[in-house]
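Please construct the entire structure, taking both the sequences and the accompanying hints into account.
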Amino acid sequence: MAQVYFSAGLRDLTGGVAQVDVQASNVRRLIAALDEMFPGIGERLSEASSVAIDGEILTDAEYESVPDQAEVHFLDILQGG
Amino acid sequence: MALTEENPGYKWVGTRPIRPDGLDKVTGKAQFGADLTLPGMLFGKVVRSPHAHARILSIDTSAAESMLGVKAVITGSDFPDLAANGAHASDIDVANNAIARDKVLYEGHVVAAVAATTRELAEAAAKAVEVSYEILPHVLTVDEAMADNAPLLHENMITKGVDPAPDQPSNVASRIVHERGDLEQGFGEADVVIEREFTTKPVHQGYIEPHAAVADANNDGRANIWCSSQGHFAMRAYTATVLGVSQGTLKVTAAEIGGGFGGKTVIYLEPLAVRLSQRSGRPVKLVMDRDEVFRATGPTSGTRIKVKMGISNGGELTAAEVWMAFEAGAYAGSPVGAAGMTVIAAYDIPHFLVEGYDVVCNKPRVAAYRAPGAPMAAFAVESVLDELARSIDMDPIEVRLANAAVEGTQASYGPKFPRIGFVETLEAIKEHPNYTAELGPNQGRGVAAGFWFNAGMNSSATVHVNENGTATVVTGSPDIGGSRQSMALMAAEELGIPYESIKPVVADTETVGFNDVTGGSRVTLATGAAVVDACRLVIEDLRARAAKTWDVEIDQVEWVDGQAQHVDGSQPPLSLNALAAKSGRTGGPISANASLNARGVGAGFSTQLCDVEVDPETGVTRVVRYLTAQDAGRAISPDYVEGQMQGGVVQGIGWGLNEEYIHDENGAMENPSFLDYRMPVASDLPMIECSIVEVPNPAHPYGVRGVGEVGIVPPMAALANAIKDATGVRLTDLPMTPIKVLEALNEQSD
Amino acid sequence: MARTHITTVINGDEVDFLTEDSTSLLNALRDEVGLTGAKEGCGTGDCGSCSILLDERVTCSCLVFAPEANGANILTVEGLTDAGELHPLQQCFLEGAALQCGICTPGFLIAAKALLDKNPDPTETEIRYALAGNLCRCTGYDKIVRAVQEAALQMREQ
Chain D
1 MAQVYFSAGL
11 RDLTGGVAQV
21 DVQASNVRRL
31 IAALDEMFPG
41 IGERLSEASS
51 VAIDGEILTD
61 AEYESVPDQA
71 EVHFLDILQG
81 G
Chain F
1 MALTEENPGY
11 KWVGTRPIRP
21 DGLDKVTGKA
31 QFGADLTLPG
41 MLFGKVVRSP
51 HAHARILSID
61 TSAAESMLGV
71 KAVITGSDFP
81 DLAANGAHAS
91 DIDVANNAIA
101 RDKVLYEGHV
111 VAAVAATTRE
121 LAEAAAKAVE
131 VSYEILPHVL
141 TVDEAMADNA
151 PLLHENMITK
161 GVDPAPDQPS
171 NVASRIVHER
181 GDLEQGFGEA
191 DVVIEREFTT
201 KPVHQGYIEP
211 HAAVADANND
221 GRANIWCSSQ
231 GHFAMRAYTA
241 TVLGVSQGTL
251 KVTAAEIGGG
261 FGGKTVIYLE
271 PLAVRLSQRS
281 GRPVKLVMDR
291 DEVFRATGPT
301 SGTRIKVKMG
311 ISNGGELTAA
321 EVWMAFEAGA
331 YAGSPVGAAG
341 MTVIAAYDIP
351 HFLVEGYDVV
361 CNKPRVAAYR
371 APGAPMAAFA
381 VESVLDELAR
391 SIDMDPIEVR
401 LANAAVEGTQ
411 ASYGPKFPRI
421 GFVETLEAIK
431 EHPNYTAELG
441 PNQGRGVAAG
451 FWFNAGMNSS
461 ATVHVNENGT
471 ATVVTGSPDI
481 GGSRQSMALM
491 AAEELGIPYE
501 SIKPVVADTE
511 TVGFNDVTGG
521 SRVTLATGAA
531 VVDACRLVIE
541 DLRARAAKTW
551 DVEIDQVEWV
561 DGQAQHVDGS
571 QPPLSLNALA
581 AKSGRTGGPI
591 SANASLNARG
601 VGAGFSTQLC
611 DVEVDPETGV
621 TRVVRYLTAQ
631 DAGRAISPDY
641 VEGQMQGGVV
651 QGIGWGLNEE
661 YIHDENGAME
671 NPSFLDYRMP
681 VASDLPMIEC
691 SIVEVPNPAH
701 PYGVRGVGEV
711 GIVPPMAALA
721 NAIKDATGVR
731 LTDLPMTPIK
741 VLEALNEQSD
Chain H
1 MARTHITTVI
11 NGDEVDFLTE
21 DSTSLLNALR
31 DEVGLTGAKE
41 GCGTGDCGSC
51 SILLDERVTC
61 SCLVFAPEAN
71 GANILTVEGL
81 TDAGELHPLQ
91 QCFLEGAALQ
101 CGICTPGFLI
111 AAKALLDKNP
121 DPTETEIRYA
131 LAGNLCRCTG
141 YDKIVRAVQE
151 AALQMREQ
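Residue numbers (my numbering), protein chains in the order written: chain D, 1 to 81; chain F, 1 to 750; chain H, 1 to 158.
Derived by calculation from the structure, the hints in this document are not laboratory data. Some hints could be false.
Partner residues aside, some chain F positions facing chain D, computed with beta carbon under 10 angstroms [said to hold, decoys possible]:
1) G76
2) F79
3) G161
4) P164
5) P166
6) I176
7) P350
8) V354
9) A368
10) A404
11) G408
12) G414
13) G456
14) E709
The following residues of chain F were derived to be distant from chain D, with all beta-carbon distances above 10 angstroms [what the hints assert, rightly or not]:
15) D35
16) I59
17) T265
For each label pair, taking beta carbons as the anchor points, the in silico distance ranges come out as [said to hold, decoys possible]:
18) H:E68 - F:L68: 25 to 31 angstroms
19) H:G34 - F:E747: 56 to 62 angstroms
20) H:T125 - F:K740: 44 to 50 angstroms
21) F:G569 - D:A32: 55 to 61 angstroms
22) F:M67 - H:A2: 14 to 20 angstroms
23) H:D55 - F:E743: 21 to 27 angstroms
24) H:E68 - F:D676: 24 to 30 angstroms
25) H:G34 - D:Y63: 35 to 41 angstroms
26) F:D676 - D:Y63: 48 to 54 angstroms
27) F:K740 - H:E68: 50 to 56 angstroms
28) F:E197 - H:D55: 53 to 59 angstroms
29) F:D676 - H:G34: 29 to 35 angstroms
30) F:E743 - H:E68: 42 to 48 angstroms
Cβ atoms here follow ideal geometry from the backbone N, Cα and C, with glycine treated the same way.
Below, the structure is given as structure tokens:
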């Protein structure tokens with residue numbers, strides 16, 4: 001089970017829930033599972049986020065595998081200059 | 001230079017050879033965006049709105065079209081209406097920013113463009129385009145834009161990130177929030193709580209090269225574009241979007257670029273140049289003058305930031321509350337998100353609330369500027385931290401050491417930090433002789449720190465081995481800071497051949513795989529990783545060819561110091577030259593390609609020490625001494641790592657002391673020139689001392705961390721803290737000009 | 001719209017070209033003569049990227065009308081190399097990493113040459129003030145000043 005954390009900005013879609021445990025083999029499946037738990041969150045997570053898996057920040061991460069016991073955070077897409 | 005980890009004995013990485021493109025740049029041969037001339041080329045000129053906010057009632061191009069030498073005139077109607085085609089909101093904004101349709105949203109907004117046979121004729125034709133406007137009320141600051149009943153830029157803008165969503169439109173595009181713990185409890189546990197409000201003005205990236213593009217379109221829809229940019233693949237994509245064509249019809253060649261700092265990661269002239277070339281049937285050169293660069297290209301946001309922080313007498317931060325409003329300019333997209341994520345990220349604070357607002361206003365659309373969002377946020381937090389340290393009589397380095405994020409700290413934006421080097425940069429400052437250097441009258445010392453994520457993203461590289469054993473390394477990352485040298489150094493290290501045998505090349509969009517922009521401090525890490533991967537594939541291939549030559553299994557072959565060696569020495573080694581010369585016999589030309597979405601991005605930290613002297617009669621702040629300590633992970637090219645560190649510091653000094661956009665009541669910029677937009681010159685500054693700290697990024701083959709951006713994050717706070725130390729006054733409004741210093745000094749003595 | 005015929009000496013060679021009266025010397029050098037080393041950073045004489053030596057004086061070529069250069073002796077960055085051998089300033093800029101994007105480099109080289117021609121042993125402060133008319137946004141000037149110091153040392157030793 002991966003531990004998924006929701007930033008404060010996402011909690012309006014989770015009814016205030018800040019953390020859930022989810023079983024999924026990759027990020028795309030993780031988002032699908034989260035969308036079933038919290039309808040509507042899938043679109044926001046797919047479009048607007050980078051994801052941090054065990055501290056490593058990744059962009060375009062849909063097919064990244066999610067290791068068991070991984071800590072997953074969804075972040076806003078970051079821009080550099 | 002290494003302060004923490006030992007030098008692993010690299011032969012090329014970490015050395016200071018001459019950069020490969022340097023000769024062309026000191027002899028005037030290097031070709032920048034405005035340097036190309038094509039046969040039959042026309043000169044373009046853009047027509048821009050003089051009003052900050054207006055409806056376009058009509059555009060009459062007939063006079064311009066009939067003028068001598070004028071070959072094309074275009075307006076918004078010459079471009080597809082992306083909104084009608086159901087395009088993405090962000091693409092619509094890009095298209096409308098490139099050329100206005102029904103409304104202009106800032107002074108300088110493109111309304112039309114012309115192409116003519118000479119510069120003078122183009123300028124005359126641009127003046128002859130008649131535009132009639134219905135002037136609308138405008139808003140220039142976050143305060144004005146957020147006020148009740150403020151005039152709206154976008155009639156259907158409903159603030160995202162607010163629950164429940166507002167039922168009325170406003171100028172607030174979105175809200176971000178980060179939260180942890182219990183603020184009331186946190187402030188309750190503090191012995192000292194300090195609250196301050198800060199304002200900053202828009203500042204421009206200030207690249208010396210104005211935007212320039214040359215477009216040469218064929219009548220089958222294909223076009224070649226030559227432009228200086230931070231990413232020609234991105235330019236291709238944006239230009240294709242605005243023109244409504246397939247990317248494959250456009251070929252973009254990267255000219256040398258005269259500075260970008262984030263401001264050239266977006267398009268301005270390219271779609272206009274292509275359309276003018278299509279309409280006229282001739283190549284068109286479009287170059288901005290400096291006035292246009294200021295009036296119409298993205299500066300970074302002006303801001304209002306409120307910070308409240310609490311500390312215990314023992315020096316532990318207990319709580320932080322941050323409220324920020326960032327100007328986005330005419331379209332949504334300020335860097336408030338990154339500001340929210342970086343503002344307290346360097347510290348381990350148990351209770352916090354960070355709230356930020358992205359606010360549109362009638363100014364040019366903001367563009368990225370070196371660690372976008374972070375410098376303003378750091379100005380506020382590092383100033384308050386300084387006040388807190390003073391209130392408990394604690395040394396500014398000690399207070400930061402007491403609260404510094406380390407490996408395993410839960411970052412304010414969510415994930416745990418991997419190995420990071422913030423503490424090491426603090427210690428580097430503390431141990432440096434500058435920290436205890438004597439200060440004279442009217443002098444003061446300030447410390448500040450900064451954090452930036454750095455980016456990874458997509459890069460491609462190809463490595464070709466030439467018949468004589470030299471190599472060409474082909475990438476698609478425009479070189480704005482000396483990255484070609486880093487690519488060659490890493491390739492030399494991997495292949496085991498001299499740096500001088502390697503030719504690094506930045507290829508066009510047709511001859512190398514996709515590369516994301518040169519920005520986000522990502523090229524050494526990501527494009528470097530692609531180069532390393534391609535080199536390793538080449539080495540695999542070389543081992544296979546040696547194995548074939550010796551008639552052994554590949555596991556009997558090692559690659560050492562540029563040669564194939566048999567593991568038990570039973571064959572004389574085969575050099576790269578020898579293998580290359582006979583490559584046809586062993587399988588054909590030797591070449592490999594690598595494309596990746598970079599992994600293992602390492603965050604960067606910078607701590608800076610600034611000594612100033614403040615003249616009590618004029619209010620002028622002179623920087624007397626400056627030291628910057630930055631964690632580079634591993635400095636592939638120490639010369640150019642120092643260059644990035646120093647450049648970022650000096651931009652921060654300009655931002656802190658002099659630079660700002662000044663607008664009149666009509667929303668017109670009053671200081672669109674280098675005379676009145678005052679950037680630092682050589683006589684303003686001392687030497688900028690650099691301490692390169694190396695805490696290698698464990699996730700990267702060479703330990704690289706991006707270095708380009710974080711250097712601009714601390715300087716404004718370092719200056720404010722030094723001015724406080726010198727004079728006793730705390731300035732909270734940027735820039736800290738002599739007039740403001742004098743006013744504060746006078747108030748203090750009252 | 002008749003154009004004026006201008007004759008000059010540029011980088012030691014006699015060069016002539018045609019120009020409108022209102023064209024800047026900078027644009028004439030770039031568009032007519034094909035010497036694109038001098039750059040336009042601002043067009044108003046505030047950034048120094050268009051610096052040339054005009055009759056041995058450092059001059060912003062964007063502030064000179066091309067016809068004013070008739071009969072003048074001009075040095076541009078392209079003229080610093082002597083039969084393929086780099087001027088010590090050029091060599092020191094390369095070795096000292098005194099350029100990043102390189103757009104301001106031609107202007108700095110010209111201004112630095114003008115300084116060292118008059119003052120072969122300048123202090124750091126004198127260097128900084130002599131170069132105060134040239135803007136650089138990339139380097140923060142540190143390595144530029146050091147490169148000029150090094151070049152001055154080498155030229156004194158020659």
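- Violated hints - listed by number, lowest first: 1, 2, 5, 7, 10, 17, 20, 23, 25 and 27
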